[in-house]
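Chemist: Sequence:
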Amino acid sequence: MTLRRITLGLLILYALLTVYSVFGQPLVMVAPLIGLAFALLHAGQREGWRDALILLALIFGVSLLFESVGVATGWVYGPYHYTAKLGPKFLGLVPYLIPVAWFMMSYPSFVIAERLVAPAGRPSRGSRWPRLLAVAATAGLVMTAWDVIMDPLMVAGGHWVWDTDGAYFGIPLQNFWGWWLTVFTTVALYLLVRGKGSAAPDPGFDRQAMASYLVTALSMIATSLLNDAGDLALIGFFVMLPWVIMAWPRAGGQAIDDLRGPAAP
882 MTLRRITLGL
892 LILYALLTVY
902 SVFGQPLVMV
912 APLIGLAFAL
922 LHAGQREGWR
932 DALILLALIF
942 GVSLLFESVG
952 VATGWVYGPY
962 HYTAKLGPKF
972 LGLVPYLIPV
982 AWFMMSYPSF
992 VIAERLVAPA
1002 GRPSRGSRWP
1012 RLLAVAATAG
1022 LVMTAWDVIM
1032 DPLMVAGGHW
1042 VWDTDGAYFG
1052 IPLQNFWGWW
1062 LTVFTTVALY
1072 LLVRGKGSAA
1082 PDPGFDRQAM
1092 ASYLVTALSM
1102 IATSLLNDAG
1112 DLALIGFFVM
1122 LPWVIMAWPR
1132 AGGQAIDDLR
1142 GPAAP
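With positions in the sequence shown counted from 1, the corresponding number in the working numbering is that position plus 881.
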């Protein structure tokens, strides 16, 4: 119970820091770390600590690999580079804060995707691959929805620069394909090695992860409005909020263990 309270406390702290970042000095270094701590604690209780650490390693490894290749070659996302605003960089290419942000948002995206693809009953071994691909593909869409509004805001804030004039607020459309591919790859790999998990908390526990995604979405929308980017705020409203609206009711009844496919051999 103590761990549950700490997890909830981190979610509340993340929400407060996020609100402060909207109306005060942006806390781009602090809020993601709190978001990561919340996501990891939540994952540990939902997935089991072994699997939570595997998921953390996969997200850090895949995102850092894809981002490093992207910055060095222009592949994956298109030609871009990071400025010094996000702190020290891995191999001088990608700020260490970037994989932190990937985990912070990839995890709730995964939780939302699992709820949306939830089967009617306990999945059979024969249904493993279709469900695995569906969850990974949906998680990629949920996560990419965040980048649709976040990327233009971060570019405007001088955190990274696109070395091309893309079709979407100066961002190449290839970027969004790259985001989807990154999350699809990570989640698919995770589901392939996922174990049996631990004694999962109550079904409503997933709503905390959804709330972290919702807090981020609302902060992006509010930031867009405060920067006179009403068009971006409207886009953010329609690409991010529906995922939470659709998944929220599904998190109240079915037990978390019933969402799992057969454990990896």
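Misleading hints may appear alongside valid ones.
Keeping only pairs whose Cα atoms sit at most 20 Å apart, straight-line, the calculated EDC-like set for lysine to aspartate or glutamate is [what the hints assert, rightly or not]:
1) Lys966 with Asp1083
2) Lys1077 with Asp932
3) Lys966 with Asp1028
Cβ pair distances, simulated, as ranges [stated by the list, open to error]:
4) Trp930 with Leu1115: 34 to 42 Å
5) Pro960 with Ile887: 21 to 29 Å
6) Leu908 with Pro1011: 39 to 47 Å
7) Gly890 with Trp956: 16 to 24 Å
8) Asp1046 with Ile887: 45 to 53 Å
9) Leu934 with Gly1111: 25 to 33 Å
10) Leu889 with Asp1046: 14 to 22 Å
11) Leu908 with Leu1073: 31 to 39 Å
12) Leu908 with Ala1015: 29 to 37 Å
13) Ala953 with Arg885: 39 to 47 Å
14) Gly1038 with Pro1123: 33 to 41 Å
15) Gly890 with Gly968: 38 to 46 Å
16) Leu1014 with Ala938: 35 to 43 Å
17) Leu1106 with Asp1046: 22 to 30 Å
Don't read these hints as lab results, they were simulated from the structure. Where is the CB? At the ideal position from N, CA and C, for every residue including glycine.
Chemist: Run every hint past the structure and note whether it holds.
Modeler: Results of checking the hints against the structure:
1. Lys966 with Asp1083: violated (40 Å)
2. Lys1077 with Asp932: This hinted pair holds, its Cα atoms lying about 9 Å apart.
3. Lys966 with Asp1028: It holds: about 18 Å lies between the C-alpha atoms, which stays within 20 Å.
4. Trp930 with Leu1115: 34 to 42 Å: holds (41 Å)
5. Pro960 with Ile887: 21 to 29 Å: violated (42 Å)
6. Leu908 with Pro1011: 39 to 47 Å: holds (41 Å)
7. Gly890 with Trp956: 16 to 24 Å: violated (41 Å)
8. Asp1046 with Ile887: 45 to 53 Å: holds (46 Å)
9. Leu934 with Gly1111: 25 to 33 Å: violated (42 Å)
10. Leu889 with Asp1046: 14 to 22 Å: For leucine 889 and aspartate 1046 the Cβ distance comes to about 44 Å; the hint is violated.
11. Leu908 with Leu1073: 31 to 39 Å: Once the Cβ atoms are compared, 36 Å apart, the range 31 to 39 Å for leucine 1073 and leucine 908 holds.
12. Leu908 with Ala1015: 29 to 37 Å: holds (36 Å)
13. Ala953 with Arg885: 39 to 47 Å: holds (42 Å)
14. Gly1038 with Pro1123: 33 to 41 Å: violated (26 Å)
15. Gly890 with Gly968: 38 to 46 Å: Violated, since glycine 890 and glycine 968 (Cβ atoms, about 26 Å apart) do not stay within the stated range.
16. Leu1014 with Ala938: 35 to 43 Å: Given about 22 Å between the Cβ atoms, the range is violated.
17. Leu1106 with Asp1046: 22 to 30 Å: This hint holds: roughly 26 Å between Cβ atoms.
Violated hints, listed in ascending order, are 1, 5, 7, 9, 10, 14, 15 and 16; each of the other numbered hints is respected by the structure.
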